[in-house]
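Chemist: One letter stands for each residue in the lines below.
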Amino acid sequence: MLNFLGRKLFFALVLFLAVTALTFMMVFSNGAASVRQSLGETATDEQVAARVAQLGLDRSVVLQYLEWLKGLLSGDLGASFATGESVSSMLTTRIPVTISLVVLAILLTAVLSVVVGVCAAVFGGWVDKGLQFLSIGGLALPNFLVAIALVFAFAIAIPLFPATGYVPIEENAGEWAASLVLPVTAILVGLVAGSAQQFRGALIDTLSQDYIRTLRSRGVSERAIVLRHALRNAASPGLTVLSLQTIGLVGGAVLIERIFVLPGVGQLTQTAAITGDLPAVMGCVVFSVLVVIVVNVCADLLNGWINPKVRIS
Amino acid sequence: MSTDSIMSAGPASTAPTNKSVWRRLLKNPMAAGSLVVFIAIVIFGVAAPLLAPFDPNLAKLELTNAAPFDTEFLLGGDRSGRDILSRLMYATTGTLMACLVVLAVSAGIGIVTGLVAGYWGGRIDDVLDWVSNIVLAFPGLILLISLYTVVGPNITVSMAILGVLIAPNFFRLVRSLVLSIRSELYVDAARVAGLSDGRIISRHVLRSIRGPLIVQSSFVLATGISVQAGLEFLGLGDSNTPSWGGMLNEAFANIYNNGTAVVWPALLIGATTLSLVILGNTLRDTLETSGTRHPALSASKVKEIRAEREGTRERSTALPTDTKPKSDVLLRIQGLELGYPSSSETVGVVVHGVDLEVRSGEIHGLVGESGSGKSQIAYSILGILPPEAAVVGGSVFFRGQDILNDSNAMKKARGRRIAYIPQEPMTNLDPTFTVGQQLTYGLRAVADISKHDAHARLLDLLARVGINDPRRMFDLYPHQISGGMAQRVLIAGALAGEPELIVADEPTTALDVTVQADVLDLLRDLQNERDFGVLLVTHNFGVVADICDRVSVMKEGRIVESSDVRTLFAEPEHEYTRMLLDSMPDRFASRIPFEATSVEVAP
Numbered sequence: 001m002l003n004f005l006g007r008k009l010f011f012a013l014v015l016f017l018a019v020t021a022l023t024f025m026m027v028f029s030n031g032a033a034s035v036r037q038s039l040g041e042t043a044t045d046e047q048v049a050a051r052v053a054q055l056g057l058d059r060s061v062v063l064q065y066l067e068w069l070k071g072l073l074s075g076d077l078g079a080s081f082a083t084g085e086s087v088s089s090m091l092t093t094r095i096p097v098t099i100s101l102v103v104l105a106i107l108l109t110a111v112l113s114v115v116v117g118v119c120a121a122v123f124g125g126w127v128d129k130g131l132q133f134l135s136i137g138g139l140a141l142p143n144f145l146v147a148i149a150l151v152f153a154f155a156i157a158i159p160l161f162p163a164t165g166y167v168p169i170e171e172n173a174g175e176w177a178a179s180l181v182l183p184v185t186a187i188l189v190g191l192v193a194g195s196a197q198q199f200r201g202a203l204i205d206t207l208s209q210d211y212i213r214t215l216r217s218r219g220v221s222e223r224a225i226v227l228r229h230a231l232r233n234a235a236s237p238g239l240t241v242l243s244l245q246t247i248g249l250v251g252g253a254v255l256i257e258r259i260f261v262l263p264g265v266g267q268l269t270q271t272a273a274i275t276g277d278l279p280a281v282m283g284c285v286v287f288s289v290l291v292v293i294v295v296n297v298c299a300d301l302l303n304g305w306i307n308p309k310v311r312i313s
Numbered sequence: 001m002s003t004d005s006i007m008s009a010g011p012a013s014t015a016p017t018n019k020s021v022w023r024r025l026l027k028n029p030m031a032a033g034s035l036v037v038f039i040a041i042v043i044f045g046v047a048a049p050l051l052a053p054f055d056p057n058l059a060k061l062e063l064t065n066a067a068p069f070d071t072e073f074l075l076g077g078d079r080s081g082r083d084i085l086s087r088l089m090y091a092t093t094g095t096l097m098a099c100l101v102v103l104a105v106s107a108g109i110g111i112v113t114g115l116v117a118g119y120w121g122g123r124i125d126d127v128l129d130w131v132s133n134i135v136l137a138f139p140g141l142i143l144l145i146s147l148y149t150v151v152g153p154n155i156t157v158s159m160a161i162l163g164v165l166i167a168p169n170f171f172r173l174v175r176s177l178v179l180s181i182r183s184e185l186y187v188d189a190a191r192v193a194g195l196s197d198g199r200i201i202s203r204h205v206l207r208s209i210r211g212p213l214i215v216q217s218s219f220v221l222a223t224g225i226s227v228q229a230g231l232e233f234l235g236l237g238d239s240n241t242p243s244w245g246g247m248l249n250e251a252f253a254n255i256y257n258n259g260t261a262v263v264w265p266a267l268l269i270g271a272t273t274l275s276l277v278i279l280g281n282t283l284r285d286t287l288e289t290s291g292t293r294h295p296a297l298s299a300s301k302v303k304e305i306r307a308e309r310e311g312t313r314e315r316s317t318a319l320p321t322d323t324k325p326k327s328d329v330l331l332r333i334q335g336l337e338l339g340y341p342s343s344s345e346t347v348g349v350v351v352h353g354v355d356l357e358v359r360s361g362e363i364h365g366l367v368g369e370s371g372s373g374k375s376q377i378a379y380s381i382l383g384i385l386p387p388e389a390a391v392v393g394g395s396v397f398f399r400g401q402d403i404l405n406d407s408n409a410m411k412k413a414r415g416r417r418i419a420y421i422p423q424e425p426m427t428n429l430d431p432t433f434t435v436g437q438q439l440t441y442g443l444r445a446v447a448d449i450s451k452h453d454a455h456a457r458l459l460d461l462l463a464r465v466g467i468n469d470p471r472r473m474f475d476l477y478p479h480q481i482s483g484g485m486a487q488r489v490l491i492a493g494a495l496a497g498e499p500e501l502i503v504a505d506e507p508t509t510a511l512d513v514t515v516q517a518d519v520l521d522l523l524r525d526l527q528n529e530r531d532f533g534v535l536l537v538t539h540n541f542g543v544v545a546d547i548c549d550r551v552s553v554m555k556e557g558r559i560v561e562s563s564d565v566r567t568l569f570a571e572p573e574h575e576y577t578r579m580l581l582d583s584m585p586d587r588f589a590s591r592i593p594f595e596a597t598s599v600e601v602a603p
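Quick note, the sequences are listed as chains H and R, same order. The letter at position 34 of the first sequence is residue 34 when you use the numbering used here, and the numbering goes up by one with no holes. The letter at position 280 of the second sequence is residue 280 when you use the numbering used here, and the numbering goes up by one with no holes.
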């Protein structure tokens, strides 16, 4: 188990360094252009050059990256080109928004896809056909289209929920929930379609295993076979899908946050990219890689808990 | 098998001919519809310079936010007074080109690396696999957005980067397909025949994997469209040329003034991705169902078929009853007929009217070649046939009660009065529970006893079946024990409910020869001690000679001969039995019961 964890942590470290190094060196390869952009069209060449020198952007990118890494170790992600605000403090106000969105969506996806997947695998028939049909739609339609449709239906046509905006949970829990209903639903449609489908497949696979037949022969009830034995064995592939979806969701949240005007990390990523605010862009990249790493580690731990072969070897 | 059949078996069986797949695909209304929609969208885009009513950038201020179907702007005007229809048409070409970039880059990288990794394997495979895992874990969309700071509003470059990011999907697919094909005999044969690697890859490997590749491509195109539209929707596209996502973005910002302008680009994006995904899905289904497997028939359909078959022979009005009840008969199978769906309406029968009797305290061998239907009979006694199986005739009487046609009676008997010992011990234990846990669950499902008593009984049983340290065994997981130990655990599991009949399906076939003899001895001892009846399914006359009292010989779903063991070995009646006995190696022949006492057991 320790060996297993060590390998996973090594992978996480490599992933972190690969992603940050790659993006940093590409993003900062032309730092001067971004400075020109942030200073505006009226800035003279001298002003730009002075600022570039002040920010140290005239050094080699490798050197800049190492410096950035050093700062990162002490929690310093640099200051925004646009506002001069520290990137870490920009992130701290935005992370709770994105985390609320992602965590709610993933928890609901996990619950719903287990329920839907079990029903489809066990009952078959029209439940299964319905799932197949809906999942094609859910998978094919990009989540921003679903989000726009939801805005049309439940914010404009029938104004049940706010179309835009976010209320922090500590201010008003009810309004916080209301502000997240449509965004989370927009994400859920595609996620549940995908993972329920995968979970159904894994469950059908498990139910055709030899040991299930043997358990049946011992007189174990169908209910216990599905809920105790099949579910546990099908959980591993289900977890893999769920963790991949969470990773995809970090990107998907950018679109959702834009449509519902949620002041999260996704929105910061977009504005930072458009305005050429390189330190802020890197901050968002760090956040998303960390999410990926945390999700992977959680998935591996859960997998070890479920699957004794991983745990004991 | 001749070399000829080896050479021809491969590509033909994995990749059905192009023509038949396309024909079957087009017969599916969903697939045909999606194809029509997709082609229409392509024409809509390609023909824009000819068919578009206006220049995409022509603005008529009086038509700003014009309603659809009202003015010369058929789908209305946008907030700058431009024709939405014309702009959509011009945007289509750009969208499709960008998606082709994604496809070309991802397929190019993925297929080449996948072929290399799968075909040559080894170190290079490890490295490529590791790299692909890293790339797959990248937060893709965030990277694309970040790189906007370098790439700028150049959607083609962004799409090329996306292609790199999703190349691992192609890599994994191709690698696993190539791995499975590389081990096929026909590829070995081609290699032995002296074909070069390049020729084998292009002629044999690529041919068999093109189906899944086309399926994957349609999904990649759909992903490309939604990511591209997403980036443009975020304002990361070129604002000077019309694009679907860009139009959606502008319209969405203007939603309270002109809501319908949102609808058109949204519809176009949705229709394109949907048609591609449906095409990919149906193509995959078509490729996968090219075999002979058919889904289970409905219960009513099976009933209908059964009534029809029975009606042609004799009219039965009530529930079947045991017509020849005898006190010493434990199990009587009468006219059992079962099969598997051969189409959505018909059943291909594999067990044809089997009659069989197992008496109390008797070990009855059921012998036959693989595929003769032995296991099907075993499963039907326990009610554990696969869901597709259809019982179309006959009964299984256990102590005079028809358990095949009375699911309540079956429930009461299974695990309590009838138990099962499977063939392959390692796959018959749930890998996620300890031996003790799963035995306890099984026992407590049929016996109303406390956990503590269950543990005590099971520990005794484990000791009885020859496990030295039952307590330790209790806490082990299946992957920690050997096949022989696992089979003893399964025997203990079968004994736990104190059954009157044990159905053992090739209980020694998967075990080492030395362990086989031990397990047979154990079964015989237990049978002497507890006096249960056994139906022992086997293909091995040696096993029959060793422990059976009576034996039935099966061929192609029929019982051809049934008698006591001595008679069968001395004077086999049926020609098939004689043939089977003649084909036995001598060491088994020497174990026939008459001489068994004087001959050493073969190692």
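Keep in mind that the hints were calculated from the coordinates and are not lab data. Just so you know, even glycine gets a beta-carbon here, dropped at the ideal spot from N, CA and C. Check before you lean on any hint, since a few could be wrong.
[To be verified] Below, a list of computed lysine-lysine pairs in the DSSO-like style, where the Cα atoms sit at most 27 Å apart:
(1) R:K27 to H:K129
(2) H:K309 to R:K451
(3) R:K451 to R:K301
[Unchecked claim] Derived list of chain R stretches under chain H, where covered just means 3 residues or more per stretch with a C-beta under 8 Å from a C-beta of chain H:
(4) 332-340
(5) 403-416
Chemist: In ascending order, which of the hints set out earlier in this document are inconsistent with the structure?
Modeler: 3 and 4
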